[in-house]
Amino acid sequence: MATPDALRILLSMRNFWYVRVFESVVRALAARGHQVHILVGHDPDPTHQWTPAADALVASSPNITMSHARRSIDDGWLDLRLMLRLGSDYLRFLQPQYAAAPILALRARSRVPDRVRALAEYDGPGHRLLRRLMRRALRAAERAIPADLAIESAVMAHKADLVLVTPLIDLGSYQHDVVRVSRRMAIPTAVCVGSWDHLSSKALIREQPDAVFVWNETQKREAVTMHGVPAERVTVTGAQCFDQWFDRKATLARDEFCRKVGLDGARPFVLYVCSALFEGSPNEAAFVQRWLAAVRSSSHPRLRTAGILIRPHPKRSFEWDAVDLSAFDNVALWPHRGTAPMNVDTQADYFDSLFHSAAVVGLNTSAQIEAGIAGRAVHTLLLPEFLENQEGTLHFHYLLDGGLLRAARDLPGHVVQLEASVEASDPVVQQNGAFLEAFVRPHGLGVNATETFVNAVERLADIETVPLRDPAWAPALRVALGPLASRTAGTFVESLGRQRRYRDKQVESDARTAALQVQRAEEKARIALERRMRREAETRERDLRVARDRQAKLAAKERVRGTKAQAKEQRTREKHRRALKERLAGYCRRIVRPSSASR
1 MATPDALRIL LSMRNFWYVR VFESVVRALA ARGHQVHILV GHDPDPTHQW
51 TPAADALVAS SPNITMSHAR RSIDDGWLDL RLMLRLGSDY LRFLQPQYAA
101 APILALRARS RVPDRVRALA EYDGPGHRLL RRLMRRALRA AERAIPADLA
151 IESAVMAHKA DLVLVTPLID LGSYQHDVVR VSRRMAIPTA VCVGSWDHLS
201 SKALIREQPD AVFVWNETQK REAVTMHGVP AERVTVTGAQ CFDQWFDRKA
251 TLARDEFCRK VGLDGARPFV LYVCSALFEG SPNEAAFVQR WLAAVRSSSH
301 PRLRTAGILI RPHPKRSFEW DAVDLSAFDN VALWPHRGTA PMNVDTQADY
351 FDSLFHSAAV VGLNTSAQIE AGIAGRAVHT LLLPEFLENQ EGTLHFHYLL
401 DGGLLRAARD LPGHVVQLEA SVEASDPVVQ QNGAFLEAFV RPHGLGVNAT
451 ETFVNAVERL ADIETVPLRD PAWAPALRVA LGPLASRTAG TFVESLGRQR
501 RYRDKQVESD ARTAALQVQR AEEKARIALE RRMRREAETR ERDLRVARDR
551 QAKLAAKERV RGTKAQAKEQ RTREKHRRAL KERLAGYCRR IVRPSSASR
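Residue numbering for the sequence shown follows this note's numbering, starting at 1 and increasing by one per position.
I should point out that these hints are in silico values taken from the structure, not numbers from a laboratory. Please note: incorrect hints may appear among the correct ones.
[Claimed, not checked] Straight-line distance between alpha carbons at most 25 Å, and here's what the computed SDA-like set of lysine to any residue pairs gives: (1) Lys-220 - Thr-452; (2) Lys-249 - Ser-67; (3) Lys-575 - Lys-553; (4) Lys-524 - Ala-293; (5) Lys-315 - Thr-51; (6) Lys-159 - Gln-208; (7) Lys-557 - Leu-580; (8) Lys-260 - Glu-279; (9) Lys-575 - Leu-554; (10) Lys-159 - Asp-543; (11) Lys-524 - Lys-249; (12) Lys-315 - Ala-547; (13) Lys-159 - Arg-577; (14) Lys-315 - Leu-381; (15) Lys-249 - Val-466; (16) Lys-159 - Ser-67; (17) Lys-315 - Arg-290; (18) Lys-315 - Ser-299; (19) Lys-564 - Arg-542; (20) Lys-249 - Glu-423; (21) Lys-315 - Leu-325; (22) Lys-557 - Asp-543; (23) Lys-249 - Tyr-98; (24) Lys-249 - Thr-235; (25) Lys-260 - Thr-452; (26) Lys-220 - Tyr-98; (27) Lys-249 - Leu-325; (28) Lys-315 - Ala-348; (29) Lys-315 - Ala-101; (30) Lys-220 - Ala-348; (31) Lys-315 - Met-156; (32) Lys-575 - Ala-555; (33) Lys-315 - Leu-382.
[As the list claims (entries may be wrong)] Ranges between beta-carbon positions, derived for each pair: (34) Asp-426 - Ala-276: 53 to 59 Å; (35) Asp-410 - Asn-330: 47 to 53 Å; (36) Gln-95 - Arg-531: 20 to 26 Å; (37) Arg-550 - Arg-583: 46 to 52 Å; (38) Val-428 - Ser-67: 42 to 48 Å; (39) His-336 - Leu-554: 27 to 33 Å; (40) Asp-426 - Asp-324: 32 to 38 Å.
Please read these numbers as outputs of a predicted model, since none were measured by experiment. We treat Cβ as the ideally placed atom computed from N, Cα and C, and that holds for glycine.
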């Protein structure tokens, strides 16, 4: 297609994590001469890796700039706006289709105002009608109140030709204001899906954008059926965030990589990729130690002695702080603190760990898709303690039912499956082509999703847009909501932030406590084993000492008996000699006497 005139593109992303997801798109747009301005929210960087990656991206081209979306705490509508959005988001997960995924409702419930929660959870007569009325009332109120003035100023200041927003669908997201302001200004606006679970497990799209960019037909169906987006507005681009793993070559030879991470290069290794589990989930580090013990108990010698490489998830690496794996031979935790593949070096290390592995194991993580791209057999365990993170979500079934995952419901069954994969591992064979073509590159495995995405962005600039207008009733409802906004101002946002920080700290504390308990249990078991072995050694030493003493006494008795026997024998010989002398003397006397008599 012909290259369009240079465009001014505003890319609104929640935090720097999305740099990794859309880096290839930003670089490609900048390379085509477009000006890309990244507007970033102020969510924290828990790994201290996301921010450097964003800075490096901005430094890579003069066509890429960045600023922060600074929301003002002096906005009188701030608290009410967030309360309405969180209430709407919670109501979504109380619908029947989410009955099998209660964790989603629980996650949203913790952020909802008490009165809204009480009404939403009413389950008496007419509760379905009440929830429908609540959804409409909350949506109407949200449309009536003004957009965030700081966000509106940021969007207007950039004078963009088009606006891209990701992920938009976070619970209570401020990015709805970005879409709303852009549409009011008649700027073509697209929502860019950031991950495989976003459309099914997050909030609803409220103001309909001009376009929604999705990975595949599955996500297109979700956009249409779950979010009410007209099918003609949904563009299937493929998953551009995975382009970097296709046709990639390993940086290090297998032996060299194994030496780097601390594994035996003469034996195959299995890669365990940890997950970003829901808050309150069991400690994955403790589970991995159970898994390790099961693998080491395998009757298959190739698996039993195989190396194990464990990659902590960057968001939950604290679980491994108190874990000691020294009891297991040929096992490495690397990188120890968890590292996201955000730059050239970490991406090379990450791909090498996938490529050189004989098989990959995980619970529920995008690393399973990346392992599929690397051609590895991908395994998972469907255990009751992780049900909410796996079968309790909608998106996990896309991997499970799509044929990527080799699943088992207990450790013995999983070990048998893993034995077969380790025995048959071949780095040349691509085992997951059908899944990848359906889910990651639906236009063909040879079609670059980034290029498809960038072409779709350039076409977006050509569409005719109509400015979004407030409904005729909105001003009156806004006036009516004014007193409520005044009463709620300063009462919710800060307390919600404090509660969330407390929950985060509590989750980390619980995880550390669980890890410490595991460590203490292992330490107690180790001490008990050492004591038992010490007692057994002392018993053996005592028995040996008693045996030596008994032998020494017996030897002494034998020596005494020998001495007595020798003395007795000596006396006997002496007696015999005396007797012989006496007999000889007698003979001599008898001979001498006759001679004397004759004289």
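In rising order, the numbers of the hints this structure does not comply with: Numbers 2, 3, 7, 8, 9, 10, 11, 12, 13, 15, 18, 19, 23, 24, 25, 27, 30, 31, 32, 34, 35, 36, 39 - these are the hints that the structure violates, sorted from lowest upward.
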